[in-house]
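Chemist: Protein chains in written order, with my numbering: chain C, 1 to 248; chain Y, 249 to 352.
Some hints here could point you the wrong way.
[To be verified] Listing some non-contacts, in silico: residues in chain Y with all C-beta distances to chain C over 12 Å: (1) 249; (2) 265; (3) 269; (4) 305; (5) 337.
[Said to hold, decoys possible] Per the computed footprint, the stretches of chain C lying under chain Y, defined by three or more beta-carbons under 8 Å from a beta-carbon of chain Y, are: (6) 68-81; (7) 122-136; (8) 185-199; (9) 217-230.
[Said to hold, decoys possible] Simulated DEER-style distance windows between Cβ atoms: (10) Y:327 - C:14: 47 to 53 Å; (11) C:29 - Y:262: 49 to 55 Å; (12) Y:321 - C:155: 25 to 31 Å; (13) C:155 - Y:344: 29 to 35 Å.
None of these hints come from the bench; they were simulated from the model.
All residues carry an ideal CB built from backbone N, CA and C; glycine is no exception.
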Amino acid sequence: MTYRGMTVETIKINGDKGDPISAYVARPSGSKTLPGIVLVHHLPGWSEIYCEMTRKFAHHGYLAICHNLYERSGQGNPDDVAAKVRAEGGVPDAQVIGDTEAAVKWMRAQPGHNGKVGVFGSCSGGRHAFLYACHKRDVDACADLWGGRVVMAKEELNAKTPTSPIELTKDLSCPLLGIFGNEDRAPSPEQVDQHEAELKKHGKAYEFHRYDGAGHGIFYYHRPMYRVEQALDGWNKVFAFFGKHLAG
Amino acid sequence: MCTSIVEIAPASGMAKAGEDGWFSLTHSVVSYDHARHALLEDAITIDFVNCGLEPGARAAVELTLDAAKALSSALNKAIAAAEIEEADRLHALERMRRVALVAA
Numbered sequence: 001m002t003y004r005g006m007t008v009e010t011i012k013i014n015g016d017k018g019d020p021i022s023a024y025v026a027r028p029s030g031s032k033t034l035p036g037i038v039l040v041h042h043l044p045g046w047s048e049i050y051c052e053m054t055r056k057f058a059h060h061g062y063l064a065i066c067h068n069l070y071e072r073s074g075q076g077n078p079d080d081v082a083a084k085v086r087a088e089g090g091v092p093d094a095q096v097i098g099d100t101e102a103a104v105k106w107m108r109a110q111p112g113h114n115g116k117v118g119v120f121g122s123c124s125g126g127r128h129a130f131l132y133a134c135h136k137r138d139v140d141a142c143a144d145l146w147g148g149r150v151v152m153a154k155e156e157l158n159a160k161t162p163t164s165p166i167e168l169t170k171d172l173s174c175p176l177l178g179i180f181g182n183e184d185r186a187p188s189p190e191q192v193d194q195h196e197a198e199l200k201k202h203g204k205a206y207e208f209h210r211y212d213g214a215g216h217g218i219f220y221y222h223r224p225m226y227r228v229e230q231a232l233d234g235w236n237k238v239f240a241f242f243g244k245h246l247a248g
Numbered sequence: 249m250c251t252s253i254v255e256i257a258p259a260s261g262m263a264k265a266g267e268d269g270w271f272s273l274t275h276s277v278v279s280y281d282h283a284r285h286a287l288l289e290d291a292i293t294i295d296f297v298n299c300g301l302e303p304g305a306r307a308a309v310e311l312t313l314d315a316a317k318a319l320s321s322a323l324n325k326a327i328a329a330a331e332i333e334e335a336d337r338l339h340a341l342e343r344m345r346r347v348a349l350v351a352a
């Protein structure tokens with residue numbers, strides 16, 4: 001079922017350490033009780049395509065929220081804000097988890113929510129979504145789309161990213177969906193293999209879909225990496241996965 | 249690809265961003281990751297920024313690897329020539345200082 005009617009707005013929530021951050025919210029019209037999706041945006045920031053994907057989830061019958069992980073670096077064009085974050089050395093994983101927890105709590109407090117929450121992210125957002133589902137136990141399903149740096153070498157670790165996410169796989173608290181392109185180099189197919197082996201080792205519920213003829217950013221229709229066939233199938237996989245795990 | 253290829257260098261100078269004009273710099277940031285505007289999967293992005301100002305205080309380019317190499321080569325040549333110029337100037341100043349000392 002699709003929902004052509006929806007309301008969208010930008011709200012403020014209290015993120016990590018109580019910092020006020022913006023969040024883009026889309027609510028399908030009607031009075032039906034619905035599941036929720038928390039979107040964790042990608043490295044290029046709280047951008048137009050993430051607002052579009054927030055509305056896409058609403059169109060498919062989810063309450064959806066996408067919070068701005070880069071709020072503390074100021075307001076402006078998302079490219080410029082992302083560049084400032086880059087110049088500052090990125091955002092700390094712990095802060096992203098705190099901000100995402102606030103979005104999950106907001107979702108769970110909404111009237112008309114069915115009590116189920118999925119967390120979704122692509123690129124760095126996929127990595128962060130997975131991290132969140134390993135650190136917290138308040139989401140019911142997690143989708144990691146081509147999240148790079150889930151497997152990190154020791155020399156990549158620093159104060160902001162102190163732990164390689166794959167090390168936390170044993171703590172994954174919900175089913176995981178992974179969508180990857182076999183021509184991607186971060187994550188490389190070998191890194192996806194490592195992650196899959198770790199999931200198997202710990203008996204975690206997961207499904208990975210790995211596409212030939214595709215690299216990174218398969219769904220980004222405005223970029224050269226867009227792959228229409230794989231993207232259409234991938235979206236079907238996303239909605240089937242959340243439909244299965246977030247039904248009320 | 250989600251790389252962690254980011255090099256951050258302190259910067260002194262000025263950059264121009266849009267119609268807002270020139271602003272002073274604090275950093276130059278060079279990365280290789282997703283292109284946002286160039287029709288490339290990944291690009292060398294160079295940001296000239298002032299971290300003390302709003303995010304719009306940014307002058308940026310997205311280059312192909314070949315273009316970045318050509319830029320790097322041109323930059324190195326210009327810097328080498330500039331350092332020769334600066335060395336000549338320092339020598340000339342030193343000569344003038346010694347002549348002045350002798351005259352005194």
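Chemist: Against this structure, judge whether each hint is valid.
Modeler: Cross-check of the supplied hints:
1. 249: Not fine: 4 Å to the nearest Cβ puts residue 249 of chain Y too close to chain C.
2. 265: About 9 Å separates residue 265 of chain Y from the closest Cβ of chain C, which leaves it inside 12 Å; violated.
3. 269: 16 Å, holds
4. 305: Answer for residue 305 of chain Y: violated, closest chain C Cβ roughly 8 Å.
5. 337: Since the minimum Cβ distance to chain C is about 33 Å, residue 337 of chain Y lies beyond 12 Å and the statement holds.
6. 68-81: Per the Cβ count (8), the hint holds.
7. 122-136: holds (count 3)
8. 185-199: holds (count 3)
9. 217-230: holds (count 4)
10. Y:327 - C:14: 47 to 53 Å: 49 Å, holds
11. C:29 - Y:262: 49 to 55 Å: 51 Å, holds
12. Y:321 - C:155: 25 to 31 Å: Because 28 Å falls inside the window, the suggested range holds.
13. C:155 - Y:344: 29 to 35 Å: 51 Å, violated
When each numbered hint is compared with the structure, violations occur for hints 1, 2, 4 and 13.
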